[in-house]
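Residue numbers (this note's numbering), protein chains in the order written: chain A, 1 to 371; chain B, 372 to 742.
FYI, nobody ran anything at the bench for these hints, they're computed from the structure.
Heads up, some of the hints might be wrong.
What the hints assert, rightly or not - To give a feel for the contact side, a few chain A residues facing chain B, derived at Cβ under 8 angstroms: (1) 44; (2) 69; (3) 75; (4) 77; (5) 83; (6) 87; (7) 88; (8) 286; (9) 291; (10) 313; (11) 319.
All C-beta atoms in this analysis are idealised placements derived from N, C-alpha and C, irrespective of residue type, glycine included.
Protein chains: 2
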Amino acid sequence: MALKFAVSKECGRSRARLGRLETTHGVVETPVFMPVGTQATVKTMTPHELEELGVEIILGNTYHLYLRPGSEIVAEAGGLHQFMGWRRPILTDSGGFQVFSLAPLRTISEEGVEFRSHLDGSKHFFSPEKSMAIQMDLGADIIMAFDECPPYPADRDYVKRSKELTTRWAQRCKAAHTREDQALFGIVQGGVYKDLRRESALELMDLDFPGYGIGGLSVGEPKELMYEVLDDLVPELPKDKPRYLMGVGSPDCLVEGVLRGVDMFDCVWPTRLARHGMVITRRGNLPIRNLPYARDFAPIEEGCQCYTCQNFSRAYIRHLIKANEVLGIRLTTIHNLFFLTSLMRDIRAAIAADMLPEFAREFLAGFAGEK
Amino acid sequence: MALKFAVSKECGRSRARLGRLETTHGVVETPVFMPVGTQATVKTMTPHELEELGVEIILGNTYHLYLRPGSEIVAEAGGLHQFMGWRRPILTDSGGFQVFSLAPLRTISEEGVEFRSHLDGSKHFFSPEKSMAIQMDLGADIIMAFDECPPYPADRDYVKRSKELTTRWAQRCKAAHTREDQALFGIVQGGVYKDLRRESALELMDLDFPGYGIGGLSVGEPKELMYEVLDDLVPELPKDKPRYLMGVGSPDCLVEGVLRGVDMFDCVWPTRLARHGMVITRRGNLPIRNLPYARDFAPIEEGCQCYTCQNFSRAYIRHLIKANEVLGIRLTTIHNLFFLTSLMRDIRAAIAADMLPEFAREFLAGFAGEK
Numbered sequence: 001m002a003l004k005f006a007v008s009k010e011c012g013r014s015r016a017r018l019g020r021l022e023t024t025h026g027v028v029e030t031p032v033f034m035p036v037g038t039q040a041t042v043k044t045m046t047p048h049e050l051e052e053l054g055v056e057i058i059l060g061n062t063y064h065l066y067l068r069p070g071s072e073i074v075a076e077a078g079g080l081h082q083f084m085g086w087r088r089p090i091l092t093d094s095g096g097f098q099v100f101s102l103a104p105l106r107t108i109s110e111e112g113v114e115f116r117s118h119l120d121g122s123k124h125f126f127s128p129e130k131s132m133a134i135q136m137d138l139g140a141d142i143i144m145a146f147d148e149c150p151p152y153p154a155d156r157d158y159v160k161r162s163k164e165l166t167t168r169w170a171q172r173c174k175a176a177h178t179r180e181d182q183a184l185f186g187i188v189q190g191g192v193y194k195d196l197r198r199e200s201a202l203e204l205m206d207l208d209f210p211g212y213g214i215g216g217l218s219v220g221e222p223k224e225l226m227y228e229v230l231d232d233l234v235p236e237l238p239k240d241k242p243r244y245l246m247g248v249g250s251p252d253c254l255v256e257g258v259l260r261g262v263d264m265f266d267c268v269w270p271t272r273l274a275r276h277g278m279v280i281t282r283r284g285n286l287p288i289r290n291l292p293y294a295r296d297f298a299p300i301e302e303g304c305q306c307y308t309c310q311n312f313s314r315a316y317i318r319h320l321i322k323a324n325e326v327l328g329i330r331l332t333t334i335h336n337l338f339f340l341t342s343l344m345r346d347i348r349a350a351i352a353a354d355m356l357p358e359f360a361r362e363f364l365a366g367f368a369g370e371k
Numbered sequence: 372m373a374l375k376f377a378v379s380k381e382c383g384r385s386r387a388r389l390g391r392l393e394t395t396h397g398v399v400e401t402p403v404f405m406p407v408g409t410q411a412t413v414k415t416m417t418p419h420e421l422e423e424l425g426v427e428i429i430l431g432n433t434y435h436l437y438l439r440p441g442s443e444i445v446a447e448a449g450g451l452h453q454f455m456g457w458r459r460p461i462l463t464d465s466g467g468f469q470v471f472s473l474a475p476l477r478t479i480s481e482e483g484v485e486f487r488s489h490l491d492g493s494k495h496f497f498s499p500e501k502s503m504a505i506q507m508d509l510g511a512d513i514i515m516a517f518d519e520c521p522p523y524p525a526d527r528d529y530v531k532r533s534k535e536l537t538t539r540w541a542q543r544c545k546a547a548h549t550r551e552d553q554a555l556f557g558i559v560q561g562g563v564y565k566d567l568r569r570e571s572a573l574e575l576m577d578l579d580f581p582g583y584g585i586g587g588l589s590v591g592e593p594k595e596l597m598y599e600v601l602d603d604l605v606p607e608l609p610k611d612k613p614r615y616l617m618g619v620g621s622p623d624c625l626v627e628g629v630l631r632g633v634d635m636f637d638c639v640w641p642t643r644l645a646r647h648g649m650v651i652t653r654r655g656n657l658p659i660r661n662l663p664y665a666r667d668f669a670p671i672e673e674g675c676q677c678y679t680c681q682n683f684s685r686a687y688i689r690h691l692i693k694a695n696e697v698l699g700i701r702l703t704t705i706h707n708l709f710f711l712t713s714l715m716r717d718i719r720a721a722i723a724a725d726m727l728p729e730f731a732r733e734f735l736a737g738f739a740g741e742k
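With the rest of the complex left out, here is chain A (with noise of 0.2 angstroms):
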């Protein structure tokens, strides 16, 4: 058995779970915030200081690392694991959600999709076999089905015609994902329109899988509608089995999809922010790379525990990143990941004191949101 889940508490007053996710790697608990690490790094960070920071499991990009650097160098390294220094459990999409948005020149058929690389223009195929002997090769302790991921807005027949194909294609992955120690997780679509999204449900869950993604939202619509879909379709969904919400992960949005009953979430936005010298405070969001800060000696967020803040200025970082140092957006991102650790730690702990809905009213007060 690659993969058991077991959930320990009800929140009770909402959807929200406590749970335990046993992988071929290790425990995860849930509700959990995967950071990314899109071509087998964390962007800036070590593996070593993803564990101090108590980052119990990350997710690597399947279309990324097809390309490069060839999911054969990272077999032959004996996997993913192995090839990063990362000992904990690893997630690895399906490259579905990569094709759709980064890649040009897509072509979909019954079969699979053809696409160019964004490196170098070169043709690909991908298809769900494909996409399955990929992740094989990678190696992660949970794999995603390939999916399509329809963009939004987009008409009711597209998105209906698109969910029968990701269920079709769900099937095909299923007969060809033969590594017992990865769990295939399948990924419900269906946009926002809830009854595609529980047929979607349905339909997946005939087969029958060990967790599933929830895709296709967090693409443009707006938050409330997200909120919306998650109200109707998690209750659809196996009570025994998690639920992961794909690339979200704004402090708001985990707080929200927690009390709807999801327990695990993944994006690059805490990173990226960081990168761009944008760091998340529990009041919103910081640009630390502007003028104001130049002189402000304080830390980012007085009273955070992370490295950045037990020991470096705002004027500092912010003189980092003006001079294009690295070691500024390795402060951010040390930061902004601490947030989301400590956000998710908070959560938890919250939902074991029978407090979840008073912390989350609390923090969702106190936070700005997202700019």
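Could you slot chain B onto chain A? The hints should help.
Chain B in isolation, oriented as in the chain A frame:
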């Protein structure tokens, strides 16, 4: 007394010696290599990582810090140590070398140098007094006199006039410098003309500096010529004062410099090389970004105890560098700085064990040199 220097042992079979430099912020064992932190950061590294490598002193650049963030901001932060979170000794250069090598449209007069910023083209003026004022703001433990650094090749008349100007500027620096917790070093100039070097040394020694920089070498002349200048010059310098060969840092030059009686070195070379995907090994430099390393799962150097070699393969580092991932240049920088700090530790151990000439012979025979 801002600085104490004591020679604890002489090699006897060469001019090498072991020393101990006591500064306001702690002790430095010599011979020492000082990594360069141009913009208040040794590129890619945290101060704590430098400490872990055993780095005892770093260099800061007056020219860069004056332009960005501005020395008044560093002073407001409490000085460079406080601003960048580095608790150990710092040496700042005078800005002279950068004005002559980086800034466009410079005009030299008896009074000083007018130049334009390489960042925004704005006009600035450095004089000996201005350099002292900036370096007093920055608050390093050791600061350098403002000198003119002639290019190579340069004709004898030019170098002679330049050397005389440097001496007059050194007098003005000494008069302008008032911080008692800082030691001001003079800088010997004179190009590759041995008699001018000796004159420069004697003129500066009249001013009785607590240490002497040797400037204007490693600026394009053959290495053998640099060694000859050192052979001739060093015996003229006081035995009880530290000698600092400026801008020199390739492994073979460090060994050759120590043999000739140099106590201190600095260079951007090991960190810059790292950012270009080149790593230093005992057999020479390795272009790790090249294709042959794509499937090479060995460490950079077998037996190396650095964090990089203990945890990551050449193939992984090559992938990171090719993919423009920050972690790639972090790992190569760690390795290169570890290499040089270890080399200096080995050199000091060899002097202590009366084995330096043997150590040097073996090291230089194996080291293929700079590409």
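Here is how each hint holds up against the structure:
{"no.": "1", "hint": "44", "verdict": "holds (4 angstroms)"}
{"no.": "2", "hint": "69", "verdict": "holds (4 angstroms)"}
{"no.": "3", "hint": "75", "verdict": "violated (11 angstroms)"}
{"no.": "4", "hint": "77", "verdict": "holds (6 angstroms)"}
{"no.": "5", "hint": "83", "verdict": "holds (6 angstroms)"}
{"no.": "6", "hint": "87", "verdict": "violated (11 angstroms)"}
{"no.": "7", "hint": "88", "verdict": "violated (14 angstroms)"}
{"no.": "8", "hint": "286", "verdict": "violated (18 angstroms)"}
{"no.": "9", "hint": "291", "verdict": "violated (11 angstroms)"}
{"no.": "10", "hint": "313", "verdict": "holds (7 angstroms)"}
{"no.": "11", "hint": "319", "verdict": "holds (4 angstroms)"}
The structure is inconsistent with the numbered hints 3, 6, 7, 8, 9, although it conforms to all the rest.
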